[in-house]
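Q: If you read the sequence shown in my numbering, its first letter stands for residue 1, the second for the next number, and so on.
You may find that some hints are simply not true.
To be verified - Below, simulated DSS-like cross-link-like pairs (lysine-lysine); rule was C-alpha separation at most 27 Å, straight line:
#, residue 1, residue 2
1, Lys325, Lys227
2, Lys247, Lys335
3, Lys165, Lys208
4, Lys190, Lys325
5, Lys227, Lys191
6, Lys345, Lys335
7, Lys190, Lys407
8, Lys227, Lys208
9, Lys208, Lys190
10, Lys205, Lys165
11, Lys345, Lys404
Just so you know, these hints were derived from the structure itself, not from any lab.
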Amino acid sequence: MDGEHPQTNAVLTNRTAPPPFDKPDADITLRSSDHVDFRVRRHILYEASPVFESILSIPPSHEEGSCPLVDLSEDSWTLHTLLLICYPMSRKKRLGHKSLPQLEAAIAAAKKYDMELPLEVLVDELLSSGSRWQSIEIWAVGCRLALEDVASQAAGWVSMLPLGKPDVRSLGRMEGISAGNYYRLCTTCKKGQLIPTSPLLEPSKKDKLAGREVHGLAAARPQFRSKMPYPDLECCSADGVVFLVHKCILGMASTVLADRIEAIQPAALSQNGGGGASRTSESLSSLSLEVDAAVLSEFFSLCYPGEHELSHSPSLCIAVLQAAKQYAATAVEDKAIQHWEVVAKATPLPAYLVSSRADFRDCARVAARYTLSNPLDNVYHPEMEHSPALAYCNLLTYHENCRKLVKKAI
């Protein structure tokens with residue numbers, strides 16, 4: 001193919017790698033994921049990578065002739081690039097022409113194997129050979145590989161583009177990039193900073209302080225305790241908290257739990273046809289559930305009749321909805337969805353981010369509408385660090401489209 005490195009083409013068509021990785025006197029063979037064998041010298045790998053030094057200290061599972069063989073998960077393109085940098089070769093012969101995806105794969109492998117020289121060479125190549133018109137793609141590589149210098153330099157290039165805001169259409173679904181990454185890129189572009197003054201891959205000191213305040217407001221909630229007498233079931237949460245509840249209440253709320261409760265009925269009750277055993281002689285049955293105590297506490301509150309004080313935490317509310325679906329508790333799910341309206345209205349941005357991340361689209365739409373009550377410019381929330389950039393990008397587009405409609409209307 002035009003523009004491709006000729007040695008790399010050979011790697012894809014030969015089972016044995018091209019020179020210098022075909023020497024019969026090499027003392028170790030590295031096999032790529034696409035079954036290309038690289039015959040290399042062990043001492044070079046020792047010096048290049050402490051990770052390889054550890055790997056090669058373990059006796060190999062099999063050998064190719066008299067040469068130990070190590071299977072690796074990287075493809076031949078990537079291994080060829082890394083090994084050429086480690087060997088005493090000219091820089092031009094080392095790299096040739098590499099696309100951004102190829103450079104990203106090689107940098108990821110260099111980080112994985114803690115290969116200092118290849119990482120330095122490849123990052124320099126990424127920043128020097130990448131066109132500034134590919135700056136958004138280079139920024140994305142920096143985000144995905146946690147390379148602050150790459151993300152920062154590329155963000156400065158993006159801020160100098162005439163669009164005035166990042167054009168992320170070429171990034172597709174923006175996999176591996178957080179909403180926090182994208183928020184900080186937008187902030188850099190608004191300021192027009194060629195050299196960003198704050199980190200691109202972690203919150204600024206101001207945002208970290210705001211995050212601590214948000215977490216400080218989330219006080220620990222009291223554990224659920226039923227007001228009904230004579231509980232007959234112990235439910236143990238995934239984190240070891242025991243709740244005393246009633247079989248009939250849980251059985252009516254959830255078909256899944258009803259079946260599981262039926263399966264743990266004491267043998268004496270089964271033999272007796274369910275009668276004749278006094279409560280005093282009956283020990284409490286025990287049921288272990290796969291949900292944490294904080295979620296179970298809210299879930300049990302919604303199983304029981306009456307009004308209950310529920311958490312306004314978006315993440316906890318979504319977790320309760322997930323538990324309701326898991327246990328086929330339709331009435332609990334309906335109540336949780338009603339409560340979501342209250343939660344989304346009180347904290348619309350984190351509610352949108354949490355529900356988008358969990359793929360609760362109806363909940364995300366509700367929260368998105370409530371975000372329209374205030375502009376999103378310069379608004380940060382810690383949930384951005386755990387939420388996908390695409391969801392946040394879509395929310396900003398939604399705000400922009402709504403503003404345009406309002407302008408047309410007036």
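Q: For each hint, tell me whether it holds in the structure or not.
A: Status of the hints after comparison with the structure:
Under the criterion of a C-alpha separation no larger than 27 Å, the hint pairing Lys325 with Lys227 is consistent with the structure, at around 26 Å. Pair hint Lys247 plus Lys335 holds up; C-alpha atoms about 20 Å apart against a cutoff of 27 Å. For the suggested pair Lys165 and Lys208, the alpha carbons sit about 24 Å apart, so the restraint of at most 27 Å is met. Distance check on the hinted pair: Lys190 and Lys325 sit about 42 Å apart at the alpha-carbon level, beyond 27 Å; violated.
Proposed proximity of Lys227 and Lys191 is contradicted: the alpha carbons are some 57 Å apart, above 27 Å. For the hint pairing Lys345 with Lys335, the CA-to-CA distance comes to about 16 Å; that is within 27 Å, so the pair holds. Note on Lys190 and Lys407: the hinted pairing holds, with a Cα-Cα distance of about 22 Å set against a maximum of 27 Å. Between Lys227 and Lys208, the direct Cα distance comes to roughly 41 Å. Violation of the 27 Å bound is thereby established for this hinted pair.
Pair hint Lys208 plus Lys190 holds up; C-alpha atoms about 20 Å apart against a cutoff of 27 Å. Our distance criterion of 27 Å between C-alpha atoms is met by Lys205 and Lys165, whose separation comes to about 24 Å. Straight-line distance between C-alpha atoms of Lys345 and Lys404 comes to about 23 Å, which keeps the hinted pair within the 27 Å bound.
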